[in-house]
Amino acid sequence: MALSFSRSLLVLGFSALLCISVAAAFQSDELLLDDEEFGLEGGLHTKSPDLTYTRSSPPPPSPPTSSTSRKRFSDPDSDSKIQFQLHHAFGDSDFSPAGTFSARLKTWNHGGQTLTKLRFSRNAFTEEEKEKFALLLKGDDFYRIRLPSSVLNPPGRDYVISSVKARCLPRDGLDEHFVIHTDGINILAVNYGSPGACPYPRQMKLPGKWSFNSHTVLKNSEQAPRAPVFAEEILGGELGEGEVVPPPERSLWAKYWMYLIPLGLIVMNAITQAMNMAEEPGAGQPAGQAQQPAAVQRGSSSAVRRR
Amino acid sequence: MTLSLLAHFEVLTSYKNFHRSLRSITSFVVTATQREREGERVTMGTTSMASRVFLLLLIFLSSTNLSLSLYEDQVGLMDWHQQYIGKVKGAVFHTQKSGRRRVVVSTEENVIASLDLRHGEIFWRHVLGSNDVIDGIDIALGKYVITLSSGGGILRAWNLPDGQMVWESFLEGSGASKSLLTVPTNLKVDKDNLILVFGKGSLHAISSIDGEVLWKKEIAPESVEVQQIIQPLGSDIIYVLGFFGSSQFDAYKINARNGELLKHNSATFSGGFSSEALVVSSEILVTLDSTRSKLVIISFQDGEINYQQTHISDIFGDSLGTPVLLPSKLPGMFSVKIDGAVVFIRVTGEGKLEVLDKINNVAAISDAISLSEGQQAFALIQHGDGKIHLTVKPSHDLSGDLLKESIDMDNQRGTVHKIFINNYIRTDRSHGFRALIVMEDHSLLLLQQGAIVWSREDGLASIVDVVTSELPVEKEGVSVAKVEQNLFEWLKGHILKLKGTLMLASAEDVAAIQEMRLKSFEKSKMTRDHNGFRKLLIVLTRAGKLFALHTGYGQVVWSLLLPTLRRSETCEYPTGLNIYHWQVPHHHALDENPSVLVVGRCGKNSDAPGVLSIVDAYTGKEINSMAAIHSVAQVIPLPFTDSTEQRLHLLIDVNQHGHLYPRTSEAIDIFQRELTNIYWYSVEADNGIIKGHVLKSNCIQEVIDNYCFESKDIWSIVFPSDSERIIATVIRKLSEVVHTQAKAIADEDVMFKYISKNLLFVATVAPKGSGPIGTATPEESWLTVYLIDTVTGRILHRMTHHGSQGPVHAVFSENWVVYHYFNLRAHRYEMSVIEIYDQSRADNKDVWKLVLGKHNLTSPISSYSRPEVVTKSQSYFFTYSVKALAVTLTAKGITSKQVLIGTIGDQVLALDKRFLDPRRSVNPTTAEKEEGIIPLTDSLPIIPQSYVTHALKVEGLRGIVTVPAKLESTTLAFAYGVDLFFTQLAPSRTYDSLTDDFSYALLLITIVALIAAIFVTWILSEKKELREKWR
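Chains as they are written, first to last, in the numbering used here: chain U, 191 to 497; chain Y, 8 to 1038.
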């Protein structure tokens, strides 16, 4: 029990780590290479029935029979290597192989399986494909890719498809970014696109060199935050504390500046007026210059009134 | 003293709100993009300044309370509530002896109600749950209403006068079957009247006094499809009659005293039975054979079953139509509908058939009622030249009429669907009849003495969709006299209000004030008002009728029974789907009336052909209609309009072809320009697949159709079928306005909201957890939520709630989504919030960059750029289960939001969005508190004053619609179900206007007093000055 708990903690921790690495910065989005464990790439050569031709691509995947995983099921967290193929299509054309993903299938002792350590080998475009891609660029059309929805028995229920406007890919080379959303051995969705921005009036631009620069990320589901289960102690504590520690009192100024400023202005105004009134009778001489127009004003106004 | 304190408090809180809106305005200025117009900013500034002045006036001059809750006398001021019952399917009248003129009805909305026969008002009403369908209704002992519901599972007795439940019996049984309720009049067992119920495969005898099950006899194990229960008058025998398979008739003879099976006979019939059996007399049943060409008379006298077959053609001659037995219960005879006419056939004792009469254009026939000893009568309704003709005939003599009346009928009510009659003794001791008729539009009318006594628009109990429309602009040229009179009235009113405010008003004055407030004619004017409170609510009901309700008092402005949604030869099961704004005229097309598009389909499946109607929103006239077009799977209102402001709509059929409407060349030109920028998605909930589509080219068909486009899939998400099942998808409301793209947070920092119209919220549950709550353990149930960009199919956020399950209700607004689900571990409902923020624009906080223009705020946003988003999320417990979720919408989106929750108690609760803020923490810092962050609690508070529906209930609540008013602070909310409720809400209080009860007179007097004071002081100072000069 405790063991499985710690295992699940480990899973959580790992997926959290994965997510954090995804969310935080994308410099770390490099392939999780683990070379010494992947010595047997392309070890099994079996043609999958739906593929009639393979061009310059590495041999098509060997769907690992369930026996491999079943066999090592007793082992708490056994690994098995699996491969699945990426297909692509230009515009409305049919899908053809475009590369191979390989990953390790980790089997946990509670029966769950997760994909880890994904790596990707991309086939280079053939001349024909280059032409097709250039056509897509010209027409601002879609470059489509697909992955099987189940990695153990492809294609599973259906392929998951993703598309991008071809003009988003070319930079120096062809930059692409895969986010593969998995749930155990199932692939829910693949998000495909350029690793950066793709500004809207998409400019027609041929890639400098026809080589792919691929980034791949595996994503699992996050755990949702639990509702805060602080039933009595914290609620009660908070209530009690609320009485004890009043919120830090702000100064009068900070609180009522909006009332104090007009009040200040009014007071200032009143004071100056009072001073004027006080000065008026006594100090006529020093302010003679200023007094004159006021007197004139008063005279004229009284004249008006007399009429 | 307390009053002034309160007012002071109000100032502070209101100021805080105001301050927040000011801050949002400043942040708006920072983030202003090209998309927002300059003018708006200026007007917002000025309105808010004006609002400040008004606010201060409001606080100091009137002691009106600004809080969200209402005072008792404010009920009905801004809200209205209407009660309905739905389409009546059964009715029983009170007997003569009980003396009360009432009728008890059961409806398709699972309502039982007692209605006043004089006025049609509801005396009492009970709304049973949506899964508690009423199968039968009757009266027992003259004082109880008996209802059978839930497929024969629940029998209830309600007290006739007040509707209180007297008893309730749960009937056990195995298997589902047709359920029948019979209340024999004279079947007594130990001084106890029996109620016979057939349901769940068993016959139950139930005491009508306390609902106790006296005996139970299982009938169904042999899978007999029971058709009738007959209890011959004055005997202790019950016959249970049914079909076994399609060709065997079974009769069970049961002792009514103890349920003992006395005899069981069965006989096969080679022809097979096709329809339901109809009782003609206590020993004879009538049915049709499987080819519907023969009438079969089944007699089961003394347990001997005899069949007699008669060819239809022998009776009617050669006819083309297929006969249909009408289910009306008539003594000794039955009625057959054939070739549009109804034929009455009497069955004589030896099983002979005798055609009595053939009547054309019959719409409905009632059951027979007994007038006196041995005399029975029934009513039938005929349609003809805009009138309906009601005829009451004695059942022994069809040639004579007891009553013949013609009544003018509004043709918007359609045909008569059902009729129930009742008799009474006239003043001259003759028999009078009243008829309750149910129309095609589900309205209920009472006919008596050749007139419609009352009518109820009960179609409004089954609203399918709602849109709003503006009212026409007020025309100029109002006469001066009218204005003067209004001025006088206005002054008088305000003097009265002043009296009320100064507590000088007498009781009559108070009553007058209250009446004036409730009946202000302003509210029901048929023109647009300055604040945008007056609108038309255009609702589509399940009957296929459109109603325009005025938001003032909810009165029906016009109604239209849509011809395209009426049952016809070509359209067997028409269903209305949705309403859309078809044409919303703005400045340059103001002389046109706005119109709405009603989309329906001719059948229950999504591949049925669709129907479209375009209806003028002011007059309620159908402008255009298209019937039997392609199927309609999705309707996408496009953000483009043509020169007459008609909105372009793309209708997607089941083959994923897009069809453009309106079908004009101008529309196609506009559409072709934007063809590459149109994306949509489809959800296949059964398969667990969501797909994204884009338009490709014109359809490849035999007939060239320029308005038809093929599509292709550009992305797909396949949810693993063994672990996830889609249960909810929610998008943002397309009309929502977001005011500010940035959110200022406590430490002088700014976060940019990720605002995209293309976000889709999807919730999936584990297949085991998709049943009702309690069927799955926490370990095997989980809930996963997704935020998906519908252009690229990118999953922006994905999160699992372990140990949780549906049903999920969600609402999406701005950059957040709030959803409600059940937490199995905590045994409580929970609500969660997800907010999504854009990190790619986080660098724009630097003012210098902004000044130098080195920001990316004005660059167009493309979904193909990789988004850098962060999400914040938090969960809270919530007490209630939820029927509907909505969010308040305001004109400019400045006002803070409230989540409107339709609770299980059929009320609407307004919950401030601030309670659903993922930045809440247990001990917020001072800065956070200042910002308005509420300390974190584990559950969301339910404040009794925040019920929008105050003391009322919106029975059978199904949906909440919110519409912004022109006044920024106010939003209009309409909740519908069996009842309708409408109100105005001001989530941040009405900071930008004075309330209706603002005392202008007091303001006027204050101003006059001030001016007077100025003059007095001026004169005094002049005098003083003069005195000083003369000194």
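Simulated from the structure, these hints should not be mistaken for laboratory data.
Be aware that a few hints might be false.
[Said to hold, decoys possible] In the EDC-like style, the derived pairs of lysine to aspartate or glutamate whose C-alpha atoms are separated by at most 16 angstroms in a straight line are:
hint: 1; chain 1: Y; residue 1: K703; chain 2: U; residue 2: D282
hint: 2; chain 1: Y; residue 1: K879; chain 2: U; residue 2: E412
hint: 3; chain 1: Y; residue 1: K394; chain 2: Y; residue 2: D374
hint: 4; chain 1: U; residue 1: K409; chain 2: Y; residue 2: E787
hint: 5; chain 1: Y; residue 1: K270; chain 2: Y; residue 2: D243
hint: 6; chain 1: Y; residue 1: K394; chain 2: Y; residue 2: E447
hint: 7; chain 1: Y; residue 1: K719; chain 2: U; residue 2: D284
hint: 8; chain 1: Y; residue 1: K719; chain 2: U; residue 2: D282
hint: 9; chain 1: Y; residue 1: K195; chain 2: Y; residue 2: D243
hint: 10; chain 1: U; residue 1: K395; chain 2: U; residue 2: D284
hint: 11; chain 1: Y; residue 1: K195; chain 2: Y; residue 2: D217
hint: 12; chain 1: Y; residue 1: K150; chain 2: Y; residue 2: D169
hint: 13; chain 1: Y; residue 1: K425; chain 2: Y; residue 2: D374
hint: 14; chain 1: U; residue 1: K328; chain 2: U; residue 2: D284
hint: 15; chain 1: Y; residue 1: K703; chain 2: U; residue 2: E412
hint: 16; chain 1: Y; residue 1: K359; chain 2: Y; residue 2: E290
hint: 17; chain 1: Y; residue 1: K703; chain 2: Y; residue 2: E717
hint: 18; chain 1: Y; residue 1: K270; chain 2: Y; residue 2: E225
hint: 19; chain 1: U; residue 1: K399; chain 2: U; residue 2: D348
hint: 20; chain 1: Y; residue 1: K185; chain 2: Y; residue 2: E283
hint: 21; chain 1: Y; residue 1: K270; chain 2: Y; residue 2: E311
hint: 22; chain 1: U; residue 1: K445; chain 2: Y; residue 2: E937
hint: 23; chain 1: U; residue 1: K445; chain 2: Y; residue 2: D169
hint: 24; chain 1: Y; residue 1: K719; chain 2: U; residue 2: D331
hint: 25; chain 1: Y; residue 1: K703; chain 2: U; residue 2: E321
hint: 26; chain 1: Y; residue 1: K365; chain 2: Y; residue 2: E311
hint: 27; chain 1: Y; residue 1: K775; chain 2: Y; residue 2: D693
hint: 28; chain 1: Y; residue 1: K336; chain 2: Y; residue 2: E290
hint: 29; chain 1: Y; residue 1: K530; chain 2: Y; residue 2: D86
hint: 30; chain 1: Y; residue 1: K301; chain 2: Y; residue 2: D374
[Stated by the list, open to error] To give an idea of the interface, some chain Y residues facing chain U are shown, with a C-beta separation under 8 angstroms as derived from the structure:
hint: 31; residue: L409
hint: 32; residue: I721
hint: 33; residue: S869
hint: 34; residue: S880
Backbone N, C-alpha and C fix where the C-beta goes; we use that ideal spot for every residue, glycine too.
Each hint tested on the structure:
1. K703/Y to D282/U: 9 angstroms, holds
2. K879/Y to E412/U: Given that 16 angstroms is the threshold and the Cα spacing comes to 12 angstroms, the pair holds.
3. K394/Y to D374/Y: Violated, at roughly 22 angstroms.
4. K409/U to E787/Y: 22 angstroms, violated
5. K270/Y to D243/Y: Answer holds: K270/Y to D243/Y is near 14 angstroms, not above 16 angstroms.
6. K394/Y to E447/Y: Holds, at about 15 angstroms.
7. K719/Y to D284/U: 13 angstroms, holds
8. K719/Y to D282/U: 8 angstroms, holds
9. K195/Y to D243/Y: Holds, at roughly 9 angstroms.
10. K395/U to D284/U: Given pair K395/U, D284/U is violated - Cα atoms ~24 angstroms apart, limit 16 angstroms.
11. K195/Y to D217/Y: 14 angstroms, holds
12. K150/Y to D169/Y: Holds: K150/Y and D169/Y sit about 10 angstroms apart, inside 16 angstroms.
13. K425/Y to D374/Y: Satisfied, since the Cα-Cα distance of roughly 10 angstroms is no more than 16 angstroms.
14. K328/U to D284/U: 19 angstroms, violated
15. K703/Y to E412/U: It is violated: about 36 angstroms lies between the C-alpha atoms, which goes past 16 angstroms.
16. K359/Y to E290/Y: 14 angstroms, holds
17. K703/Y to E717/Y: Distance ~5 angstroms between K703/Y and E717/Y Cα, so the pair holds.
18. K270/Y to E225/Y: 14 angstroms, holds
19. K399/U to D348/U: Answer violated: K399/U to D348/U is near 34 angstroms, above 16 angstroms.
20. K185/Y to E283/Y: 11 angstroms, holds
21. K270/Y to E311/Y: 10 angstroms, holds
22. K445/U to E937/Y: 11 angstroms, holds
23. K445/U to D169/Y: Violated, because 59 angstroms separates the two Cα atoms, which is more than 16 angstroms.
24. K719/Y to D331/U: Between K719/Y and D331/U the Cα gap is close to 12 angstroms, so the pair holds against 16 angstroms.
25. K703/Y to E321/U: 21 angstroms, violated
26. K365/Y to E311/Y: This hinted pair is violated, its Cα atoms lying about 33 angstroms apart.
27. K775/Y to D693/Y: 15 angstroms, holds
28. K336/Y to E290/Y: 14 angstroms, holds
29. K530/Y to D86/Y: 11 angstroms, holds
30. K301/Y to D374/Y: Given that 16 angstroms is the threshold and the Cα spacing comes to 24 angstroms, the pair is violated.
31. L409: 68 angstroms, violated
32. I721: Holds, because the Cβ-Cβ distance from I721/Y to chain U comes to roughly 4 angstroms (cut-off 8 angstroms).
33. S869: With Cβ-Cβ at 4 angstroms, under 8 angstroms, it holds.
34. S880: 6 angstroms, holds
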